[in-house]
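Peer 1: Got chain A; can you put chain B on it based on the hints?
First to last, the sequence lines map onto chains A and B. Its first residue numbered 1, the first sequence is counted upward by one per residue in the working numbering. Its first residue numbered 1, the second sequence is counted upward by one per residue in the working numbering.
Treat the hints with care, since some could be wrong.
To be verified - Each pair of labels, with its calculated beta carbon distance range:
no., chain 1, residue 1, chain 2, residue 2, range
1, B, VAL9, A, ASP176, 36 to 44 Å
2, A, PRO28, B, GLU11, 25 to 33 Å
3, A, ARG62, B, ASP46, 44 to 52 Å
4, B, HIS93, A, GLU66, 19 to 27 Å
5, A, ARG62, B, GLU44, 19 to 27 Å
6, B, ASP46, A, GLY52, 18 to 26 Å
7, B, HIS93, A, ASP49, 32 to 40 Å
8, B, LYS59, A, GLY90, 15 to 23 Å
9, A, PRO85, B, GLY61, 21 to 29 Å
10, A, HIS145, B, VAL9, 46 to 54 Å
11, A, ASP176, B, HIS93, 32 to 40 Å
Since the hints were made in silico from the structure, they are not lab data. Here a beta-carbon is modelled for each residue, glycine too, at the ideal position from N, C-alpha and C.
Next come the chains, spelled out residue by residue.
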Amino acid sequence: MTARTTTPPGTADDLVERYVHLVARHLPAAQRSDVADELRTSIWDSVDDRTGPAVEEAHRERAVREVLAEMGEPTRLSHAYAAAPRHLIGPRYFDDWWTTVRALIVTVVPLIVLIGVAADLGLDGASVGAAVGGAVWTGFNAAIHIAFWVTGVFWILERTGSPSAMEASRAEWGPDDLPELPRSRQVGVPDLVWGAGLMGLILAWLPWQHFRSPLDGPDGSPAPMLAPDLWASGWAWGLVGLLVVTMAFEIGKFVVGNWTRAVTVLSVLLDVVFAAFLIALVRTQDVVNPAVIAGLDDPGASRRLVGGIVLAVAGATAILGIVDAVRKHAAYRAMTDR
Amino acid sequence: MDDVLAAHVAELRRGTVVLACLCVLDEARYGYALLSTLESAGFEVDANTLYPLLRRLEKQGLLASEWNTEESRPRKFYVLTAAGREVRAALAHEWAALDHRVRTALEGSSR
Numbered sequence: 001m002t003a004r005t006t007t008p009p010g011t012a013d014d015l016v017e018r019y020v021h022l023v024a025r026h027l028p029a030a031q032r033s034d035v036a037d038e039l040r041t042s043i044w045d046s047v048d049d050r051t052g053p054a055v056e057e058a059h060r061e062r063a064v065r066e067v068l069a070e071m072g073e074p075t076r077l078s079h080a081y082a083a084a085p086r087h088l089i090g091p092r093y094f095d096d097w098w099t100t101v102r103a104l105i106v107t108v109v110p111l112i113v114l115i116g117v118a119a120d121l122g123l124d125g126a127s128v129g130a131a132v133g134g135a136v137w138t139g140f141n142a143a144i145h146i147a148f149w150v151t152g153v154f155w156i157l158e159r160t161g162s163p164s165a166m167e168a169s170r171a172e173w174g175p176d177d178l179p180e181l182p183r184s185r186q187v188g189v190p191d192l193v194w195g196a197g198l199m200g201l202i203l204a205w206l207p208w209q210h211f212r213s214p215l216d217g218p219d220g221s222p223a224p225m226l227a228p229d230l231w232a233s234g235w236a237w238g239l240v241g242l243l244v245v246t247m248a249f250e251i252g253k254f255v256v257g258n259w260t261r262a263v264t265v266l267s268v269l270l271d272v273v274f275a276a277f278l279i280a281l282v283r284t285q286d287v288v289n290p291a292v293i294a295g296l297d298d299p300g301a302s303r304r305l306v307g308g309i310v311l312a313v314a315g316a317t318a319i320l321g322i323v324d325a326v327r328k329h330a331a332y333r334a335m336t337d338r
Numbered sequence: 001m002d003d004v005l006a007a008h009v010a011e012l013r014r015g016t017v018v019l020a021c022l023c024v025l026d027e028a029r030y031g032y033a034l035l036s037t038l039e040s041a042g043f044e045v046d047a048n049t050l051y052p053l054l055r056r057l058e059k060q061g062l063l064a065s066e067w068n069t070e071e072s073r074p075r076k077f078y079v080l081t082a083a084g085r086e087v088r089a090a091l092a093h094e095w096a097a098l099d100h101r102v103r104t105a106l107e108g109s110s111r
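One chain only, chain A, in its complex shape (with noise of 0.2 Å):
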């Protein structure tokens, strides 16, 4: 090993802090010149013990590149120097963010969609299309930023490295702690969006279609699609708390899970009852604002559209609606008597 007095400029020497410069730049700055002379040293001692006192160039170059290439991939050396970790969320954490992010998204998402859409149709009269897509971009950014954050303080925990309480249950783990095995759902997610979302929607359009109505009297002035009169006479209110009680009756089946006997019972008696609402509804009352059609040629034969629509409607969804009820409540009790 000679002691090299001059490092004449070079491909040879060029090549060693390029290569240094690679392994040190990342590092943090308190340990980044250090290692990099260390390196840098350790790097000609090899080179030198391959060379010998022999500094013809090309010699010299053809053994820095034998002694690079044996030190391999500059950025791999520099993650065994590095103590801070290099990754996002390591495996310590992985688990715990993807369930916080899922639920959140799953939970909070919908919710606002939901609520997006009631709002847009119920308080700014915006049209359906407009209504679903601002909501839809809205969840769209809500996933977005819960991510984000989510991730931003997994960040921090994989970081400082501090125990959290998810940490600390795992340490102190027994077999007492093993969860029941899961029950097998009939109702999941999707269920409970549809079927709450259904309502609400229904519910939002109410108010729409009251104040905000796309439809002109005879004056030239909006109209509500429905009969004012309704309100006053108590039918739209009773149709806006048969809402409400299908749409916690959806909560409560989602919570419960399956088709119970109650749940199926319930769902029965809710699908009549809810079917006598409309078509009595139908029957005795002018459905349609007499002034929204006022201005047509037969009056009569629109409301008699309307009405039939409603009646086909309300026998079609009840009647689906007891078939299920029966065929799932048939499902339930035979995973259940196994």
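Peer 2: Only chain B this time, still in chain A's reference frame:
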């Protein structure tokens, strides 16, 4: 099969690098000299494993280091601390016990 064997041998050796380093650092040595010493003693260690390892051992208090700038090229010398000596004794004891257990188990199975 050769690949499998090579991977297991590498795994086995990886665990012995620390003990090997501690064994030859009674006397202060710098990085490349330590690498040569280990190689001539029959320990196969890669430079890119050894140099970061020395810093970790120093951080754990098993080694102490000092820059020597008297020669033309400044070199960082590492030497065993008292704590390092204790750890070395414990590791060597563990190594001997492991060797004994492996031998005993092998004899038992060959019978």
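Peer 1: Against this structure, judge whether each hint is valid.
Peer 2: Hint by hint, here is what the structure shows:
no., hint, in the structure
1, VAL9(B) - ASP176(A): 36 to 44 Å, "holds (43 Å)"
2, PRO28(A) - GLU11(B): 25 to 33 Å, "holds (30 Å)"
3, ARG62(A) - ASP46(B): 44 to 52 Å, "violated (20 Å)"
4, HIS93(B) - GLU66(A): 19 to 27 Å, "violated (40 Å)"
5, ARG62(A) - GLU44(B): 19 to 27 Å, "holds (24 Å)"
6, ASP46(B) - GLY52(A): 18 to 26 Å, "holds (23 Å)"
7, HIS93(B) - ASP49(A): 32 to 40 Å, "holds (35 Å)"
8, LYS59(B) - GLY90(A): 15 to 23 Å, "holds (20 Å)"
9, PRO85(A) - GLY61(B): 21 to 29 Å, "holds (22 Å)"
10, HIS145(A) - VAL9(B): 46 to 54 Å, "holds (51 Å)"
11, ASP176(A) - HIS93(B): 32 to 40 Å, "holds (38 Å)"
Violated hints, listed in ascending order, are 3, 4; each of the other numbered hints is respected by the structure.
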